[in-house]
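Protein chains in written order, with our numbering: chain G, 1 to 601; chain Z, 1 to 601.
Think of the hints as simulated: they come from the structure by calculation, not from any bench. Bear in mind the structure is a predicted one, so any value in this text is a computation, not a measurement.
For lysine-lysine, the following DSS-like pairs were computed, each having C-alpha atoms within a straight-line distance of at most 27 Å:
1. Z:Lys578 x G:Lys408
2. Z:Lys224 x G:Lys332
3. G:Lys408 x Z:Lys587
4. G:Lys494 x G:Lys587
5. G:Lys494 x Z:Lys494
6. Z:Lys79 x Z:Lys4
7. Z:Lys578 x G:Lys494
8. G:Lys494 x Z:Lys587
9. G:Lys332 x Z:Lys177
10. G:Lys587 x Z:Lys494
11. G:Lys578 x G:Lys408
12. Z:Lys494 x G:Lys578
13. G:Lys578 x Z:Lys578
14. G:Lys578 x Z:Lys587
15. G:Lys578 x Z:Lys408
16. G:Lys177 x Z:Lys332
If we take Cβ atoms under 8 Å as the criterion, some of the chain Z residues that face chain G in the derived model are:
17. Gln325
18. Gly419
19. Thr522
20. Gly563
21. Gln566
22. Leu585
Over the 12 Å line for every Cβ pair with chain Z, so calculated as not near, a few chain G residues:
23. Thr44
24. Thr47
25. Leu72
26. Ala88
27. Ala139
28. Ser142
29. Gln144
30. Ala155
31. Glu184
32. Asn207
33. His376
34. Leu482
35. Ala486
36. Thr552
Yeah, the Cβ is synthetic: ideal placement off N, Cα and C, and Gly gets one too.
2 protein chains.
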Amino acid sequence: MNQKLLNLRDIEFLLYEFLDTEGLLHRPRYQEHSREIFDATLATACTIAERYFANHNSMGDANEPSFDGQNLTMLPETKEAWDAFAEAGFLAAHYDFEQGGMQLPEVILRACMAYFSAANIATTGYPFLSIGAANLINAFGSEQQKSLFLPPMQAGIYAGTMALTEPGQGSALADIKTTAKLAEDGSYRLFGQKMFISGGDQNITENIVHLVLAKIEGAPAGTKGISLFICPKYLVNDDRTLGQRNDVSLAGLLHKMGYRNTTSTVLNFGEKQGAVAYLIGEPHHGLFYMFQMMNEARIGVGLGAAALGYQGFNCSLNFARERPQGRLPSNKNPQSRQVNIIQHADVRRMLLAQKAYSEGALAMCLYASSLFEDIHTADNQQQRQRAGLILDLITPIVKSWTAKYCLKANELAIQVLGGSGYIREYPVEQYYRDNRLNPIHEGTEAIHGLDLLGRKVIVNNGQGLTLLSNEILTTINKANNLDQTAPLAFALSKALNALNDVTSILSAELAESPDLTLANATVYLDVFGCVVASWIWLRQALKATEALTTKTLHENDHRFYRGKLQAARYYMQWELPKIYHQVALLKGFNQIPYQMQDEWF
Amino acid sequence: MNQKLLNLRDIEFLLYEFLDTEGLLHRPRYQEHSREIFDATLATACTIAERYFANHNSMGDANEPSFDGQNLTMLPETKEAWDAFAEAGFLAAHYDFEQGGMQLPEVILRACMAYFSAANIATTGYPFLSIGAANLINAFGSEQQKSLFLPPMQAGIYAGTMALTEPGQGSALADIKTTAKLAEDGSYRLFGQKMFISGGDQNITENIVHLVLAKIEGAPAGTKGISLFICPKYLVNDDRTLGQRNDVSLAGLLHKMGYRNTTSTVLNFGEKQGAVAYLIGEPHHGLFYMFQMMNEARIGVGLGAAALGYQGFNCSLNFARERPQGRLPSNKNPQSRQVNIIQHADVRRMLLAQKAYSEGALAMCLYASSLFEDIHTADNQQQRQRAGLILDLITPIVKSWTAKYCLKANELAIQVLGGSGYIREYPVEQYYRDNRLNPIHEGTEAIHGLDLLGRKVIVNNGQGLTLLSNEILTTINKANNLDQTAPLAFALSKALNALNDVTSILSAELAESPDLTLANATVYLDVFGCVVASWIWLRQALKATEALTTKTLHENDHRFYRGKLQAARYYMQWELPKIYHQVALLKGFNQIPYQMQDEWF
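Same shape as in the complex, but just chain G (with noise of 0.2 Å):
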């Protein structure tokens, strides 16, 4: 089934209205672009996307890779898509000139994630690993590491992957068991097992380098003992040659629910001689480096999960649209048409709950890369670390509110479409499966939740969520002084104050008695991502009314603002006050989950 990627209205509404994209041309990085050249590089990654990744979404789905102990096998698409993302340049679109990129900002390079995760989620894991590895060598890997991996890796020759994730701890982190012992040529050879490794093998590249975490005997207990290795797939000799097969190998794939087309793998390091590995930075410091390819996927995964979104949403507009089925309750004439069945209200409501979930995602998303850009290139060093602490704050919901809401959304999808949207004959089923992997990888709700908790909102005398109410009041202040808005910023100042103030109970019990104030830092996450997701639709709805004020409004934007705003209004009134609800059971520091025994279940 053929349908079109995303809305390109809306994503130059939240590119150009919602985020000033255009101030950035005012940076000195980008000074040599315009917007022309973004709006450019959009309509090429829509262009790949719909030829090399939509293609197979559905191909990919119901064929799965598989492996027969020997050999792996895919469909020939996947490497075909992986080929066009490369020569289109988008693996290092976001380097710098100097080292063969096309010094994109961050924001649009995301943007242009978001049409091929909308085109094809499975397919696009590779590439979009494969940068978070590469950024991650960028970032930390010695000149050497950097010269020997980057280029192929940029070009598309070699991919990447993170291999965090080991059969016996999960997300446990501090408990792996992969052990690096030092060789004497300075390098290290790794044993051990890596479990729900995705393009932990794969034929579409002549190498994969594996990012591995792994402890070096000795090393202390705990995270503290964690350190991060390159592991390469086939070893690298100095001229770039590819040389022996390295001692890793794939042990097995993993048969997911969704996202078929990601090879999932079980990876053995060192059943041999030892897996040929090489220290990234210091000893120890893994955890710290690994970091910053988490926090990049945790955004990322927050993107797809807006873009599967998305996609359910489009997919049951248009059935909606289409489809004749009953009467207006008014209507006792069985002799008269039958309705449309968006003339349903409750399938306007569901309509509008994947429209506020799905455009709200894909805007905090992109707000979170505006974030990040800012760290990199903003005009000072204020704002640098201002962007800085509010991104790290809201990682955890940028990661785990769209995954939660967005699942609802492809949910609503498929009961939009009825008995059609449960048949593989439509795209919608597909969406949701994929789609509910995003609550869970780059960790789950709770583990946000706690990181949220237990540690955002404190570190820095919790500067982070000072920083993020100032942000959140500038707009509730010129909200105010529109009649369209001010309801809906009243609304969000007094959802503002609730979060704040659970926030102050709760983290003056935390030292006291942490496992009872955690207890419920779920539903604190959840608080808090209603909050935020708010706060962003509050922002867009003043850019829609501000823009509805304009006397020369063509019809269709006349049409797409109102739309927009009839959203914010939606989530305001029928989603956001549920918080007050759970703002109650964290506030009472309710013990039911806390106090319930093993044994009585």
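We have chain G; now place chain Z onto it with these hints.
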């Protein structure tokens, strides 16, 4: 993966403590029964479910039925399961002894069906539909129809289906196009196409009896022109031997996301000379008759959802008990032993929610079955009528609340397992895919919301709601007398008032502004469902509290009742309060979705 089906301790609690199933033994129909017979029947169901249904649950998912245009291929285990089910007498178990049945109470049959659904919801689809179709013929068919079709259906030689939906109209039965032409011999010829017909073709029985909705030529428009027909795959001679193939053929299979081992078919009726069909009852009364099967099926859908929720709960509970990972926040020593994840409060939250949803749903469905029983065998006419009014009212809840929240339970089961939950190596992702159908078939949530608010709460002068409210108040009054349950009773009392309040407000506007009043009917359905679920939990909590005062309680029972009480508290404190925001939307006649325009999307 082998795992237990449901939880026998809970089944016994629900049947013999929560419900008074032993009380049925005083009714004339069950004089020859005993608790031992009930229990032995349940044990037989469990054994057959484990041996013949659970054995191919995953296999049937991975190897769904296929059709090459000529031949339909299905797993042979499906027929073995059907045969075992039939041989054990379950197809006829609820019929009177004189009809060849076991005169089994409805609630025991339903509990048996829960075992089969837990083992393999897709394969259970065949007997589930066949029982419903036979019941319909038994209730409304002529003596000749009954004598011709019932015995082979009861014996499992024929199966039955319900053929309502058509490609052009989905849920809007008023607009079906299939026509019936009267033939000279008094039978009819059907012409049309039906879609999403579960079990519409298969190779497990000699014959298939389709119960088809169609319009006799010249019938009135709308639902008042619908008639119900028996249309067998093979014609049946008067001596019950099979005659020629009828003009009904398999046009194709639909490929579902889950429930895969149930064929979902497109059937062509009358491509040649017309499909021979026999009118059931009076012309144009077909929808009335069909509602018997649909209402039965709706409780069945709820029960299936409950069983899937339950299996996900069982699986994730076992996983959480065995999987070590991480440490409590208060423990900063990385050298200490990891805890099993059930020690994490958020995992217990996810388990408690699953327990509340799935045990609550099973309790609700068995309660509905006890009402169905009372309609037919309660001691006096007043009790029978009372049961009928309450069951009619709550059928949309029994179908929808269960489907919605047990799907959510499966979503949580995946989350407890994390990455493992997302792969097909564990069963929870299949439960989730299977369960996604339940909020769709037998009426979407939207349809049940309209049915509940637009019809069921107002018909018979609202007697159903009055009776239900009185039942709930009786429980509240009892619960008020015990310290443990008084706070729960208070919470439910407040919620019941809110429900009655919002019902009055909406009902008053229904005639005047049906479209606006019904715009948020799905929200009303959810509110109503949460109140009923709270009541179901309060009743369980009451029984648990009473049992906990017993001095000689076995340790395992003690734990079981503590668990029931904690789940009730969870539901009352975490779930029920969500309705107040929804009630506010309803009372304010919130118009955000209602006013949203197609063009604004």
